[in-house]
Structures are given as C-alpha cells and as structure tokens.
Amino acid sequence: MSAAVAAASAAANRRNSATTTAKKTNYTTPNNYYLSLSASPPCNNRYEIYKCQDWNKFLHYLKNYSQGRGQPPLSVRRCSGSHVLGFLKYLDQFGGTKVHKMSCEYYGQAYSSVACSCPLKEAWSSLQGVVGRLRVAFEEYGGSRETNPFGSPLVWLYLEEVKVAQAKARGCRNEENIYGYLTQMNYRVCKKIMLQQY
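Taken in order, the sequence shown gives residues 1 to 198; the numbers are from UniProt numbering.
I should point out that these hints are in silico values taken from the structure, not numbers from a laboratory. As the structure is a computational prediction, the values presented were derived from the model and not from experiment. Quick reminder that beta carbons are idealized off the backbone N, C-alpha and C, glycines included. A couple of the hints might just be wrong.
What the hints assert, rightly or not - Label pairs and their in silico Cβ distance ranges:
hint, residue 1, residue 2, range
1, P73, E105, 25 to 35 Å
2, P72, T147, 16 to 26 Å
3, G68, S126, 21 to 31 Å
4, E105, N44, 45 to 55 Å
5, N44, E139, 17 to 27 Å
6, G70, A115, 38 to 48 Å
To be verified - No farther apart than 16 Å at their CA atoms in a straight line, the calculated lysine to aspartate or glutamate pairs in the EDC-like style are these:
hint, residue 1, residue 2
7, K57, E105
8, K163, D92
9, K101, E161
10, K89, D54
11, K168, E105
12, K89, E160
13, K89, E161
Turn these sequences into a full structure, and let the hints guide you.
Printed below as a string of structure tokens:
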C-alpha cells in the first residue's frame, strides 16, 4: 500500500513540476525587451495603460526638448532630474485644478464657485502618480535604480513644493502637516539647487 502511495505522490510531483515549467515559459519575455528604452511595454491593465501613456509623453517631451534647442535627441539614459522637472512643469498646461494666485481674492478659500483668472494646473497627487509610474517604467526598461532621474531628490522636493503651494491656495490650516518631513533649511537649500540646475 505504501508503494502505491509513493508512486502516486511521485507522479503528482512530476505533473506539478511540468506545469510550473510550462507556466514559467509562457510568461517569459524576449531578452531585448527590457534593454530598449524607447520600446513600449505591453499594456494589459489600467496601471500599465497609464504607465505606457506617461512613458510615451515623456519620450515625446524629450524629443521636442532636444529639437527646440537644436541639439541631437536626448536619450532617456542621459536625462537628469532637471529634465524631469521640466516635464512636470510642461504637464501643468494640461491640468484641471484651479490654483489661486496670492494676489487673487479667493486665495486661501477651500471652495470658490466664482470664476477667476487664476491658472489651471496639474494636481500634485497626479504629478506624484506620474513620477511613480515613470520611475517604475525606467527600471523596467533596463535603467538602474541608482541613475533613475525620476527618483532624484530634486523631483521629490519639487512635488513637496507643489503640494505646499496648492494646499495654501486652498486654505489648508495645518501647515505642520503640509510641510511633512521637510525642514525650512533643507527646503531653502534644495530650492536653491533646483534653480541653479534648471
């Protein structure tokens, strides 16, 4: 009886290992897929679709950035945090969030139904999502984590700056929570670095 159980168990193990091997081979991708920084990834779900769209927008921005300056096309591997900041500022023109200027009479009011001439900008949470997706996409395309321009401290400080400015424009009262982990000194030093590099 134990010999029959052992034989059945061995057959089941062989069947499981064969199915596991088959499953592994079904999901492999070509070796050159992740090496190309300009190829588009397969877009299967909502997150992947957004990631593809963001990646294509960034590549389009880099192409136009180089052409506008009369330079050869800038590769993704050579771009830095300042290029990412330029891209995030470029996205502001497509935003839908009303951000009141300090000179506006509605500055600091949470909900103002009256139309004013203040610009529409991209919400900081949307920008944060774009940066997160592009950070993942860069590493999926073969870029290293150490050279990832989307993980640059300048980018995250810019996002914090946008978050603070938009919260103040909406009249958020708790400034300690707005500033988060940034101290005033780090904020000023990093802002000076950003202005010098961009």
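- Go through the numbered hints given earlier and state which of them the structure violates, listing their numbers in rising order. 1 and 7
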